[in-house]
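Q: Chains as they are written, first to last, in the numbering used here: chain U, 366 to 750; chain E, 366 to 750; chain A, 65 to 249; chain X, 65 to 249.
Calculated directly from the structure, the hints in this document are not laboratory data. Nothing here was measured: the structure is a model prediction, and the numbers come from that model. All C-beta atoms in this analysis are idealised placements derived from N, C-alpha and C, irrespective of residue type, glycine included. Do not take every clue at face value.
Said to hold, decoys possible - The calculated label-pair distances, taken between Cβ atoms and stated as ranges, are:
no.: 1; chain 1: U; residue 1: N452; chain 2: E; residue 2: D497; range: 24 to 32 Å
no.: 2; chain 1: U; residue 1: K642; chain 2: A; residue 2: G121; range: 43 to 51 Å
no.: 3; chain 1: X; residue 1: S194; chain 2: E; residue 2: K413; range: 34 to 42 Å
no.: 4; chain 1: A; residue 1: Q101; chain 2: E; residue 2: K554; range: 25 to 33 Å
no.: 5; chain 1: U; residue 1: P418; chain 2: X; residue 2: S92; range: 41 to 49 Å
no.: 6; chain 1: U; residue 1: G401; chain 2: A; residue 2: F159; range: 35 to 43 Å
no.: 7; chain 1: E; residue 1: R727; chain 2: A; residue 2: D215; range: 31 to 39 Å
no.: 8; chain 1: X; residue 1: T164; chain 2: U; residue 2: N411; range: 18 to 26 Å
no.: 9; chain 1: A; residue 1: S106; chain 2: E; residue 2: R639; range: 55 to 63 Å
no.: 10; chain 1: A; residue 1: Q101; chain 2: U; residue 2: K642; range: 51 to 59 Å
no.: 11; chain 1: E; residue 1: V722; chain 2: X; residue 2: D91; range: 47 to 55 Å
no.: 12; chain 1: A; residue 1: S92; chain 2: E; residue 2: V722; range: 43 to 51 Å
no.: 13; chain 1: U; residue 1: D749; chain 2: X; residue 2: D105; range: 12 to 20 Å
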Amino acid sequence: TFLIKNSLFGTVQTSLSEMDISGISDPTKLPGLPPGEIGSRSVYENLKLLPLPASSRSPIQDFHGMITPSDLHFQRHHGGVPEIDPNQFELLIHGMVSKPKVFKLKDLKKFPSTSRILFLECSGNYQGGREDLSPQQVAGMTSQSEWTGVMLSTLFREVGVDPKAKWFLAEGSDAAVMTRSVPLDRAIKEGMLVYAQNGEALRPEQGYPLRLILPGWEGNISVKWLRRIEFSDAPFMTREETSKYTEPVGNKVRQFSLEMDARSIITYPSYPQRAEKGYIEIKGLAWSGRGAIIGVDISTDGGKSWNPAVIQQPVLDKAHVRFRYLWKWDGRETEIRSRAVDQTGYVQPTPKQLLAVRENTRYHFNPVTGWILKRDGRVLFNDDF
Amino acid sequence: TFLIKNSLFGTVQTSLSEMDISGISDPTKLPGLPPGEIGSRSVYENLKLLPLPASSRSPIQDFHGMITPSDLHFQRHHGGVPEIDPNQFELLIHGMVSKPKVFKLKDLKKFPSTSRILFLECSGNYQGGREDLSPQQVAGMTSQSEWTGVMLSTLFREVGVDPKAKWFLAEGSDAAVMTRSVPLDRAIKEGMLVYAQNGEALRPEQGYPLRLILPGWEGNISVKWLRRIEFSDAPFMTREETSKYTEPVGNKVRQFSLEMDARSIITYPSYPQRAEKGYIEIKGLAWSGRGAIIGVDISTDGGKSWNPAVIQQPVLDKAHVRFRYLWKWDGRETEIRSRAVDQTGYVQPTPKQLLAVRENTRYHFNPVTGWILKRDGRVLFNDDF
Amino acid sequence: DVENNNDYRIPEDSYETIYEDRSDWPDSFGWGRPASQKEIDSLSIAIKPDGTGLPQGSGTVAEGRTIYAGKCAACHGPNGVEGPEDVLIGTESLFQQDITIRKTIGNYWPYSTTIFDYIRRAMPFNAPGSLSDEEVYSLTAYLLFKNQIIDEGKVIGPESLPKIEMPAKKFFVKDDRTAGSNPTY
Amino acid sequence: DVENNNDYRIPEDSYETIYEDRSDWPDSFGWGRPASQKEIDSLSIAIKPDGTGLPQGSGTVAEGRTIYAGKCAACHGPNGVEGPEDVLIGTESLFQQDITIRKTIGNYWPYSTTIFDYIRRAMPFNAPGSLSDEEVYSLTAYLLFKNQIIDEGKVIGPESLPKIEMPAKKFFVKDDRTAGSNPTY
Ligand code: HEC
Ligand code: HEC
Ligand SMILES: [Ca+2]
Ligand SMILES: [Ca+2]
Ligand SMILES: [Ca+2]
Ligand SMILES: [Ca+2]
Ligand SMILES: [Ca+2]
Ligand SMILES: [Ca+2]
Ligand SMILES: [Co+2]
Ligand SMILES: [Co+2]
Chain U
366 TFLIKNSLFG TVQTSLSEMD ISGISDPTKL PGLPPGEIGS RSVYENLKLL
416 PLPASSRSPI QDFHGMITPS DLHFQRHHGG VPEIDPNQFE LLIHGMVSKP
466 KVFKLKDLKK FPSTSRILFL ECSGNYQGGR EDLSPQQVAG MTSQSEWTGV
516 MLSTLFREVG VDPKAKWFLA EGSDAAVMTR SVPLDRAIKE GMLVYAQNGE
566 ALRPEQGYPL RLILPGWEGN ISVKWLRRIE FSDAPFMTRE ETSKYTEPVG
616 NKVRQFSLEM DARSIITYPS YPQRAEKGYI EIKGLAWSGR GAIIGVDIST
666 DGGKSWNPAV IQQPVLDKAH VRFRYLWKWD GRETEIRSRA VDQTGYVQPT
716 PKQLLAVREN TRYHFNPVTG WILKRDGRVL FNDDF
Chain E
366 TFLIKNSLFG TVQTSLSEMD ISGISDPTKL PGLPPGEIGS RSVYENLKLL
416 PLPASSRSPI QDFHGMITPS DLHFQRHHGG VPEIDPNQFE LLIHGMVSKP
466 KVFKLKDLKK FPSTSRILFL ECSGNYQGGR EDLSPQQVAG MTSQSEWTGV
516 MLSTLFREVG VDPKAKWFLA EGSDAAVMTR SVPLDRAIKE GMLVYAQNGE
566 ALRPEQGYPL RLILPGWEGN ISVKWLRRIE FSDAPFMTRE ETSKYTEPVG
616 NKVRQFSLEM DARSIITYPS YPQRAEKGYI EIKGLAWSGR GAIIGVDIST
666 DGGKSWNPAV IQQPVLDKAH VRFRYLWKWD GRETEIRSRA VDQTGYVQPT
716 PKQLLAVREN TRYHFNPVTG WILKRDGRVL FNDDF
Chain A
65 DVENNNDYRI PEDSYETIYE DRSDWPDSFG WGRPASQKEI DSLSIAIKPD
115 GTGLPQGSGT VAEGRTIYAG KCAACHGPNG VEGPEDVLIG TESLFQQDIT
165 IRKTIGNYWP YSTTIFDYIR RAMPFNAPGS LSDEEVYSLT AYLLFKNQII
215 DEGKVIGPES LPKIEMPAKK FFVKDDRTAG SNPTY
Chain X
65 DVENNNDYRI PEDSYETIYE DRSDWPDSFG WGRPASQKEI DSLSIAIKPD
115 GTGLPQGSGT VAEGRTIYAG KCAACHGPNG VEGPEDVLIG TESLFQQDIT
165 IRKTIGNYWP YSTTIFDYIR RAMPFNAPGS LSDEEVYSLT AYLLFKNQII
215 DEGKVIGPES LPKIEMPAKK FFVKDDRTAG SNPTY
């Protein structure tokens, strides 16, 4: 169906109104929509997040390249998405500082700025144990954007941070008034306060108008809708860093486990897609919170042998990379797996290797996973190895 | 205004319906919207393309970083935006080939793929001569995306291209049935057929479901809604490569001027923004169709002296880079300019340097431009130097 | 000093090298289906400067004049110069540094075949692809005549059209810009 | 062979170096306005483990029981164990490799101050920030009592709360993972 609404038609209005366009389905035979004020998405494309009461998973099996479309970025909220007027918005920085200050959004935008392409992953990003799981279900709580904002180091100069300050509290203005304590020495190097995502203002679900970004760390600590930063000599021990986002390991509870370990997942072929005999370009994403990915190995024989995948340039620090591996499937049942290696030398462990040192801790569960290719083309998830 | 529609509320429906939420404007006092199937844009953000009958310009003064939001990518159509059913879609490749073939979209998606962040610029991307012009008006017909698809070289192996073939015709399925002749030897190195943009399917305005991308070349030749490729020993001399997209220079008409020369523009501060005395981070975009940008120089004294700007990493080949330059404005009237240098050593010329060798040719007009900062803070466009 | 801040990096090599190593690729992946001559013929509407692709048929200036008045004049003006859309007719030389002179078929189109090709695929703007080949030949004849390139009696068809020498042809040269530190703009 | 295809590149240096050269930066840009003590006080609701930030007031188990029944039981269950939302009460040790045991205030919360802080900022989920400080003290007392951490008669206030030793405290350690080729997962 074509809608005739083109200023060019002003001059031929009569003849146009006489035209019967109802039967025209060849797009070369009738002008399409003229340029407008905003682009659209094809009506034939229907990508959707997978929503749960407090989170939504990205359809990573449908993505290409390394950028996540902003409206398909995964979501994890603890009190829903607040609506914030950017003109009313203020950020308070206080505590162990000599000059406590309040910044309007327009103040923050004046500071020297920087942009960086980074993944953001929820540390609870795992679902397994069944064969009918898609990549979106298994690992859909990771997404990637180009973020723009101010380096924490730039802003912290303004408030005169006490050298004895070792932590700061980041507090959101959502209904959970989300809080996390952040270790200053580790955060100051790469931490940012960002107001833009993929070229435009942050999206509401991603923290509009201002959020923290701590590259490579678990998503929860990059507090969204940031309204307050309080410097302290010790962590505040908020609910999110004690009751949640901690891992019982052996007879200890591991706390402030911030870096996301290297991980990869094959997104094609995957459940519920069908695989066809012959050449298949196996595709997927790999990332590490500890630096750059330096390799992704692929096994097409259930983990017996491994070969390196091609990694798409540019390979960025603490960013998703797209990997690809050309393979000819003979049609016999087999299992394909991917394994990421990061610049620290860390090799993504198998589920059993992980479980040997700790039960499934709910957070930071990043094992190698597999897809079993059945003779009939079905692709089934596997993490039982 | 908060809409209560959270599955968590099922359990407390009674008390909620009794709540008076009309007066609550503090977002920490009421849950916001729960995670949904698709993200949103803040109601306070209102970026718009600037539409004309056959083109729409990107609001480049409002962008951050280097990625252009897909729905704010500039548009240039010659017959409007066709609506194409991806399941019906076919690409025919024929002419001087031994195996003429028809590819469905799903065939094309099987081939080894690649992703690349590239700018795309209309060669008619200039408007000048007045002081009340915004960056969107001066240079809004350039945008940048991460494109994913198949290398031409990969696909062309499939059809057995005759060694005597020197050109191919690319034809769109829009109402203009847009055609351009492409020199094979130069296109084969980097040319791509892409089906994805910034992680998802191409947008309709950008050629859904398939377009050509010829990195660094004038936008018009990267034919959108591609339906046909015909190999030939000579160019077809289509209307777009003869009557349009050619430049009278001296007493010649320059044809097949494909590479976009290096260019830069300061997007902040710019008309109609207001500048404030004191520290200003001058920001802008620079790009070259001939390779990487290796430097952007800034003048804050109307071109008398120049200093290098900071260029945001990663600096990619044939891609927009974001430059920034910290400057302290004393409040006196002055003019700021930017000048791009690319890896070939090409230095962006002044308007007069360009005009000395050719009149304004309408296409490929890429001069250094300036913004005059008035004492009262007004910022006015200048290209008269 | 800002000089040290330029932390940029030139990509080491160009992009095509991504697929340099294709040693494990087959000669052909085999995807896609062979195109039949019939479907090639139905889709391949492009005309080459030597006339390849021109269909059977012919047209006259007189017929073109009538069709033009009915289907084209609304947008291009009764005389092809009034607009509001592109000016089609004009023989004044462009190369007099007078920027008010408009580019037309008469002074700027290097190949006659382009007229047929473009009108057939894209005009009239509101109903592209609606003209018969005969109509397109006649419109081509009419526009060539009005641009003082052919005589009023000339019949235009697949044989005669490509032989027409266009006035602008001699001006067209390939891109002569050079990159580098001493570029020709 | 695919080995040669790995055309990746390790970033040469980490990102913070972008602003290494700040020689032309002023000591302070001066943007933003000084925060008054009044606005700091009104916003800074966070409680530290040593009790800093706790407001005046106090609460009792008995009052907490009543408030809980009215404002919390719908989501957390009449006895704090039935859900549908988080289980709040339970004293069974988590460290018996029995994954059916739920994390609760009694077996998993290392600091008593977190209870006050979290309830005040985020609960009840449908009306966060609606409780008075007295109500929050009482709910804190009630939940501590139900988790067998305090006696039923104990009054909870800014002095007593931070002194309460939580059973789970002794288990908490800082991240002990190591990166590298021989990592501790
Ligand atoms: C509804 C308006 C409209 C009608 C009717 C129309 N045209 Fe056009 N014509 C245009 C527009 C708009 C363009 C420019 C299109 C572009 O640049 O993509 C154009 C361009 C052209 C051009 C190219 C001019 C150049 O210098 O590049 C020719 C030739 C042409 N038209 C011929 C015709 C003929 C012959 C007819 C009648 C059969 C016709 N037009 C009917 C709107 C119209
Ligand atoms: C409308 C439902 C609802 C009501 C009413 C409610 N809660 Fe909650 N509560 C929740 C949800 C949902 C969570 C988990 C929130 C999250 O994880 O972000 C939660 C979490 C908690 C937690 C943290 C549990 C943990 O282990 O981390 C505590 C403590 C708590 N609530 C106490 C209360 C108290 C006290 C009240 C009454 C004043 C209350 N809740 C009323 C829904 C509710
Ligand atoms: Ca500097
Ligand atoms: Ca290479
Ligand atoms: Ca035009
Ligand atoms: Ca290979
Ligand atoms: Ca550096
Ligand atoms: Ca929860
Ligand atoms: Co953690
Ligand atoms: Co050109």
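Q: Cβ-Cβ distance between K642 of chain U and G121 of chain A: within 43 to 51 Å?
A: Holds, since K642 of chain U and G121 of chain A (Cβ atoms, about 50 Å apart) stay within the stated range.
Q: Does the Cβ-Cβ separation between S106 of chain A and R639 of chain E fall within 55 to 63 Å?
A: holds, 59 Å
Q: Has the hinted range 35 to 43 Å been met by the Cβ atoms of G401 of chain U and F159 of chain A?
A: Given about 39 Å between the Cβ atoms, the range holds.
Q: Note whether the CB distance of D749 of chain U and D105 of chain X lies within 12 to 20 Å or breaks it.
A: For D749 of chain U and D105 of chain X the Cβ distance comes to about 55 Å; the hint is violated.
Q: I want to verify a distance hint. Is the separation of the beta carbons of N452 of chain U and D497 of chain E within 24 to 32 Å?
A: holds, 26 Å
Q: Should the hint that S92 of chain A and V722 of chain E are 43 to 51 Å apart at their CB atoms be regarded as holding?
A: holds, 48 Å
Q: Between V722 of chain E and D91 of chain X, is the Cβ distance one that fits in 47 to 55 Å?
A: holds, 48 Å
Q: Go ahead and decide if the range 25 to 33 Å is satisfied by the Cβ distance of Q101 of chain A to K554 of chain E.
A: holds, 32 Å
Q: Measuring from beta carbon to beta carbon, are R727 of chain E and D215 of chain A in 31 to 39 Å?
A: holds, 33 Å
Q: Return holds or violated for the Cβ distance of Q101 of chain A and K642 of chain U against the range 51 to 59 Å.
A: violated, 31 Å
Q: The hint says 41 to 49 Å between P418 of chain U and S92 of chain X; measuring C-beta to C-beta, is that right?
A: holds, 45 Å
Q: That 34 to 42 Å hint for S194 of chain X and K413 of chain E (C-beta), does it hold up?
A: Given range 34 to 42 Å: holds, Cβ gap about 40 Å.
Of the hints listed earlier, those the structure fails to meet are numbers 8, 10, 13, in rising order.
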